[in-house]
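Engineer: For reference, the chains in residue letters:
Protein chains: 2
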Amino acid sequence: MTKPTPAKVSMEKIVSLCRRRGFIFPSSEIYGGLSSCWDYGPLGVELKRNIKQAWWQAIVQERDDIVGLDSSILMHPRVWEASGHLEGFADPLAECKSCHQRWRTDELEGDSCPACGGELTEPRLFNLMFKTFMGPIEDEANVVYLRPETAQGIFVNFSNVLDTTRKKLPIGIAQIGKSFRNEITTGNFIFRSREFEQMELEFFVKPGTDEDWFNYWLEERRNWYIKLGIKKENLRLRQHMKHELAHYALDCYDIEYQFPMGWAELEGIANRADFDLSQHAKYSGKSLAYYDEDTKEQIVPYVIEPSAGIDRTFLALLCDAYDEELDKDEIRVLLHLHPKLAPIKIAILPLSRRENLAQAARGIYADLRQCWAVSYDDAQSIGRRYRRQDEIGTPFCVTVDFESLKDKQVTIRERDTMNQIRVPIKELKTTLAAKLSGEDLFVLPPGGKIWKVERE
Amino acid sequence: MTKPTPAKVSMEKIVSLCRRRGFIFPSSEIYGGLSSCWDYGPLGVELKRNIKQAWWQAIVQERDDIVGLDSSILMHPRVWEASGHLEGFADPLAECKSCHQRWRTDELEGDSCPACGGELTEPRLFNLMFKTFMGPIEDEANVVYLRPETAQGIFVNFSNVLDTTRKKLPIGIAQIGKSFRNEITTGNFIFRSREFEQMELEFFVKPGTDEDWFNYWLEERRNWYIKLGIKKENLRLRQHMKHELAHYALDCYDIEYQFPMGWAELEGIANRADFDLSQHAKYSGKSLAYYDEDTKEQIVPYVIEPSAGIDRTFLALLCDAYDEELDKDEIRVLLHLHPKLAPIKIAILPLSRRENLAQAARGIYADLRQCWAVSYDDAQSIGRRYRRQDEIGTPFCVTVDFESLKDKQVTIRERDTMNQIRVPIKELKTTLAAKLSGEDLFVLPPGGKIWKVERE
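So the protein lines, in turn, are chains A and B. For what it's worth, our numbering labels the leading residue of the first sequence as 1, then goes sequentially. For what it's worth, our numbering labels the leading residue of the second sequence as 1, then goes sequentially.
Calculated directly from the structure, the hints in this document are not laboratory data. Wrong hints could be hidden among the right ones.
The list makes no distinction among identical chains, and a pair is therefore deemed to hold if it is satisfied within one copy or across any two copies.
Claimed, not checked - Below, in silico cross-link-like pairs of lysine to aspartate or glutamate (EDC-like), each with a Cα-Cα straight-line distance of 20 Å or less:
(1) Lys206 / Asp292
(2) Lys168 / Glu293
(3) Lys345 / Asp327
(4) Lys227 / Asp416
(5) Lys406 / Asp139
(6) Lys345 / Glu414
(7) Lys328 / Asp416
Modelling step: build the complete structure from the supplied sequences, incorporating the hints.
Structural biologist: Encoded structure:
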């Protein structure tokens, strides 16, 4: 028998792992799925919550100069006139005269149908905003749109936030929420979907200080991904070329990640100058100026916008954490997820189901659950159970064996190194707390013994 | 001059407080607002996050028998055929032949227009689901709906969740997310809006055990509101009458809260039997049965559904916490919010802006911010600043005065009692930690001195 060979991460492996372990299911799967919509399962919802919490903590909670907001998905239609989305947020679409498939002409290399070679119609612009009707009458007067970005909810509330918080420039407003785009070309799993979730920050500054703040946020945001555990070599900053820039944007960079399908955008960081506030002031007739107490002047702030996608961050984190190793002639799949992000922090594994052992293990389980997301697994061999936890990124397994009943100690086994240490049960909580909070995940404590767990 | 009289809570007072302090703004306010949609401002978003976290903690994190889910808002249209929403989720709507206003005829007392007395058209059923089109063609084949409830996302994923978590009955699946209803009659601020957020639990049990579980959840959910600080006398359980029950529901209760406009539903708790799983099995052709290892039979579980509204809980918490008191001939407005829910836990108030005092206060501020949501306020008199914090429910103010520079002590002032104690700065964090985590908010520590803060 030849040994299996550990392979690199691929999109197929990630999709399969997500489906198999309950990270992500296709939406409405029992009805054949809904194109490009996804449901986050029991493990996925926890990982997603942890990503959102890590962003909110870094952007809102730990800072004095940023506040949060949660604006509605349905907004007044004039918002999208002012923002330019009604006119400009569109892709050129053509239909094949033979096979009637539709194509984005800006993505085509030739001018005939990629499917059958047929002739294409003249392209027409197709707006990417989902529209619906508010109230019982389905006519133009009642059209509203599902927001294609959360950012506009921030701009229209600029004065409300300033007036109620009494904050001064520079001041950021941050928001997490769903957005919708009726994309013609979707794909790459959760990378581009029609319903997605954003983490957007609009950071308002005095004109003239915008370049410095722009550079600040480039650095800050890149570091955030690195702190979450993404490898530096899989991240790059790509400056937009002149023809990619919106006419009002002074500068823009994408933080790109090296996905299995290639480099692609995780987050865009733009210097949008005063475009958004000026447009909304013009369309609403309300002043969105700021009174600068230093210069005694009314100014329209410039804005730096770091705009991140949660689903893309989720995908990047899984791709980056995915690993295969050869262990005792078998492939060990594991996710090197940062403990802060891991859906389950600790698994309690009793070596057998015998009552006295189960009772001890259940006690530890109940105790640790007060502090962390903990799972309990007593099915199949201890080796299979380790594998199951490795595959979902659980940083620590706690094994309770027959020796534990006598010496009141248990074994902690670490995911990445498979190192094992033996600790007294009464010190378990503090030991795990230190390991889960620390940067160094598995430094042996002075005098800590390395143990091997007995197999059943 | 006559003394002002403290008044009871009213919807006007709550709306005004929310707008003034940045809890809630009308959506797209600079464009005149969007009917019945609301934006949560800097304080509102934190209160809302705290409510959601309290629910997730009680329902998912602290329990072994419930897991989370986050399904998409756009779902396959067949879902709504199976659930009955496409056919039955509708209100009867009639138009006045004279003034052309539209009315829900099930809410009218007479049969003529309440506005002008004119004759009404025959009522027709108006479906409350928002519809939109997926893809570039706006025809019937591409219609999708914004979900009117999060529950169906749970039912269609029942087998996915069971297969991937290896859990046994009873098993709950919990979800927090936005839902949309194109209501004809909206109102009472955030009580009934077209875009709202739900916290829904579907708890699947063996048929025969459903009545016990139903009673269990009634008790459990009522207690949750009480634990969050809502007064018992403002809560009641109302059993649905036979004619209110859906044809498949075995029983249903509303947890009602005594809002300023009267008793109204906070949460519905229903015994839905096997209706949902059976319908989706029928419409999808996929079995949603569960193999019972005890009886060796395939069964379709029954489901108990506690379905709560976040916006309603938010409103109830504010109404319940709102209080006016006469304090030194002035009205003191305060929110008795549970510290766990309060958007800001602690305010740091230096008695003056003088550099040495500000420096000490900023140091304390930076230190406490590592642990909690803390605000810093040095504007206007200390009395005004207390009032500002009382009004948003901040449980503790920490005052730094000139004495603090000498004796290295500060004053903690408690919101509800206005009691003040003096504590050493180096014990401040542990003192506050104990107060914020404890049930008893302001028990004086042994030997704790009661202080009065000097006025500027």
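Engineer: If a hint holds in the structure, say so; if it doesn't, say that too.
Structural biologist: Taking the hints in turn, this is what the structure says about them:
{"no.": "1", "hint": "Lys206 / Asp292", "in the structure": "within (9 Å within a copy, 66 Å between copies)"}
{"no.": "2", "hint": "Lys168 / Glu293", "in the structure": "within (9 Å within a copy, 64 Å between copies)"}
{"no.": "3", "hint": "Lys345 / Asp327", "in the structure": "neither (23 Å within a copy, 50 Å between copies)"}
{"no.": "4", "hint": "Lys227 / Asp416", "in the structure": "within (17 Å within a copy, 41 Å between copies)"}
{"no.": "5", "hint": "Lys406 / Asp139", "in the structure": "neither (76 Å within a copy, 71 Å between copies)"}
{"no.": "6", "hint": "Lys345 / Glu414", "in the structure": "within (11 Å within a copy, 37 Å between copies)"}
{"no.": "7", "hint": "Lys328 / Asp416", "in the structure": "within (16 Å within a copy, 64 Å between copies)"}
The structure is inconsistent with the numbered hints 3 and 5, although it conforms to all the rest.
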